[in-house]
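Student: In order, the protein sequences belong to chains V and L.
Mapping to the numbering used here: the first sequence position 51 is 51, numbers consecutive.
Just add 132 to the spot in the second sequence (first one is 1) and you have the numbering used here.
Simulated from the structure, these hints should not be mistaken for laboratory data.
In this text the structure is predicted, and so the values were computed from the model without any measurement.
C-beta atoms are modelled at their ideal positions from N, C-alpha and C, and glycine is treated no differently.
Incorrect hints may appear among the rest.
As the list claims (entries may be wrong) - Here are a few chain V residues that face chain L, going by a calculated C-beta distance under 10 Å:
| # | residue |
| --- | --- |
| 1 | R81 |
| 2 | G86 |
| 3 | S91 |
| 4 | D107 |
Said to hold, decoys possible - Distance ranges between label pairs, derived from CB positions:
| # | chain 1 | residue 1 | chain 2 | residue 2 | range |
| --- | --- | --- | --- | --- | --- |
| 5 | L | S151 | V | R123 | 55 to 65 Å |
| 6 | V | D42 | L | T191 | 29 to 39 Å |
| 7 | L | D231 | V | P106 | 18 to 28 Å |
| 8 | V | P45 | L | G168 | 15 to 25 Å |
| 9 | L | L237 | V | R10 | 23 to 33 Å |
| 10 | L | S165 | V | G49 | 21 to 31 Å |
| 11 | V | G62 | L | D188 | 26 to 36 Å |
| 12 | V | A72 | L | D250 | 26 to 36 Å |
| 13 | V | G62 | L | G232 | 42 to 52 Å |
| 14 | L | D231 | V | K128 | 57 to 67 Å |
| 15 | V | D7 | L | S169 | 50 to 60 Å |
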Amino acid sequence: MKITGMDQARAIFREIAPREVRNLGRATVLGIARRLAVDASDRAPESEGDLKGSIKAKRERGSKTVLAASTAVSRTAFYWRYLEYGQGPDSVEHAFFLKSVKAFEPDLERVFLDAFGDALEKRLLRLKRAAA
Amino acid sequence: MTTTAPGTALAAALYEALSRIGIPVHAVPPQLSDGGSDAAYPCISIGEVAMGQWDDSGTRGFDFVARVHVWWRGGSKAPGLAIQDEIYSVLHRGSLTVDGWKDILLDRQMSDVTRLTDGSFHGVCEYRGLLTEG
Numbered sequence: 001m002k003i004t005g006m007d008q009a010r011a012i013f014r015e016i017a018p019r020e021v022r023n024l025g026r027a028t029v030l031g032i033a034r035r036l037a038v039d040a041s042d043r044a045p046e047s048e049g050d051l052k053g054s055i056k057a058k059r060e061r062g063s064k065t066v067l068a069a070s071t072a073v074s075r076t077a078f079y080w081r082y083l084e085y086g087q088g089p090d091s092v093e094h095a096f097f098l099k100s101v102k103a104f105e106p107d108l109e110r111v112f113l114d115a116f117g118d119a120l121e122k123r124l125l126r127l128k129r130a131a132a
Numbered sequence: 133m134t135t136t137a138p139g140t141a142l143a144a145a146l147y148e149a150l151s152r153i154g155i156p157v158h159a160v161p162p163q164l165s166d167g168g169s170d171a172a173y174p175c176i177s178i179g180e181v182a183m184g185q186w187d188d189s190g191t192r193g194f195d196f197v198a199r200v201h202v203w204w205r206g207g208s209k210a211p212g213l214a215i216q217d218e219i220y221s222v223l224h225r226g227s228l229t230v231d232g233w234k235d236i237l238l239d240r241q242m243s244d245v246t247r248l249t250d251g252s253f254h255g256v257c258e259y260r261g262l263l264t265e266g
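All chains should be modelled from the sequences, with the hints used to inform the complete structure.
Tutor: Structure follows, in structure tokens:
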């Protein structure tokens with residue numbers, strides 16, 4: 001599903017029940033973290049063990065007013081920070097997380113709308129299946 | 133109107149500002165042919181500078197994060213932390229002279245120190261800045 005602007009996203013949020021807003025919001029935030037994980041993984045060095053497959057998004061607890069998700073590296077690739085900052089055996093500062101974050105920032109509205117569109121589409125599909 | 137991204141001019145401005153601290157500043161610390169470091173310690177190197185677009189309808193701009201590395205040897209973190217303090221006093225809320233661009237923000241975002249396996253220390257700081265044409 002393609003959402004073309006923030007106004008359309010706000011209108012959808014306004015028109016649906018608060019519980020759905022929260023679920024959709026959580027799925028959207030997780031979707032953004034997943035996109036960042038995929039981008040960082042694409043930029044991570046190829047030859048470094050489990051690193052590429054270890055960059056993952058995960059839901060965070062958040063609070064009543066904050067929806068949260070994170071992009072993190074699992075423990076098997078604990079050495080990620082050495083590669084990120086140039087302390088690895090190749091002495092190259094790969095900066096894959098820094099580059100990903102800077103690439104996302106100017107485009108964050110589009111990333112949000114894409115993730116929101118995906119979350120809404122999945123939710124509608126689930127409701128349709130449940131009603132059938 | 134500026135026709136290129138400010139990468140080179142920004143690196144020159146960072147180099148000029150960091151040189152005021154009085155210890156060697158490198159783009160990449162020099163290495164010996166066997167891969168060991170030939171840098172005089174302590175030293176500073178300017179690392180990755182990640183640029184994001186920050187244009188508005190009429191003016192081009194860049195939102196960047198610049199990494200500044202500090203390398204030192206010794207028995208404690210103290211000498212490097214002192215250098216990171218000096219970098220902070222030069223860059224944080226400071227001003228860069230970037231040819232063809234105006235700097236309108238320069239802020240420290242993080243600092244970190246790691247001990248390396250060869251006994252040396254490596255400090256990393258990230259500074260975020262905003263540049264606009266002019």
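Student: Each of the hints needs a verdict: does it hold here or not?
Tutor: The hints, checked one at a time:
Taken as an interface hint, R81 of chain V checks out: its beta carbon lies about 8 Å from the nearest beta carbon of chain L, inside 10 Å. For G86 of chain V, the suggested interface contact is upheld, since its CB lies about 7 Å from the closest CB of chain L, less than 10 Å. Interface hint at S91 of chain V: satisfied, since its Cβ lies 8 Å from the closest Cβ of chain L, which is below the 10 Å cut-off. Given hint, D107 of chain V at the interface with chain L, holds; its Cβ is 9 Å from that chain's nearest Cβ, closer than 10 Å.
For S151 of chain L paired with R123 of chain V, a C-beta distance near 56 Å keeps the hint of 55 to 65 Å intact. The hinted range of 29 to 39 Å is satisfied by D42 of chain V and T191 of chain L, whose Cβ atoms lie roughly 31 Å apart. For the pair D231 of chain L and P106 of chain V, the supplied restraint of 18 to 28 Å holds, since their beta-carbon distance comes to about 23 Å. Checked against the hint of 15 to 25 Å, the C-beta distance between P45 of chain V and G168 of chain L comes to roughly 22 Å, which is consistent with it.
A beta carbon spacing of about 29 Å between L237 of chain L and R10 of chain V agrees with the range 23 to 33 Å that was offered as a hint. Range check, S165 of chain L to G49 of chain V: about 28 Å between beta-carbon atoms, so the 21 to 31 Å window is met. Evaluation of the 26 to 36 Å hint for G62 of chain V and D188 of chain L yields a pass: the beta carbon distance comes to about 32 Å. Roughly 28 Å separates the CB atoms of A72 of chain V and D250 of chain L, a value that falls within the hinted 26 to 36 Å.
Checking the proposed 42 to 52 Å range against G62 of chain V and G232 of chain L shows it holds: the Cβ atoms sit about 43 Å from each other. Between D231 of chain L and K128 of chain V the beta carbons are some 59 Å apart, a value that agrees with the proposed interval 57 to 67 Å. For the pair D7 of chain V and S169 of chain L, the beta carbons lie near 55 Å from each other, so the given range of 50 to 60 Å is met.
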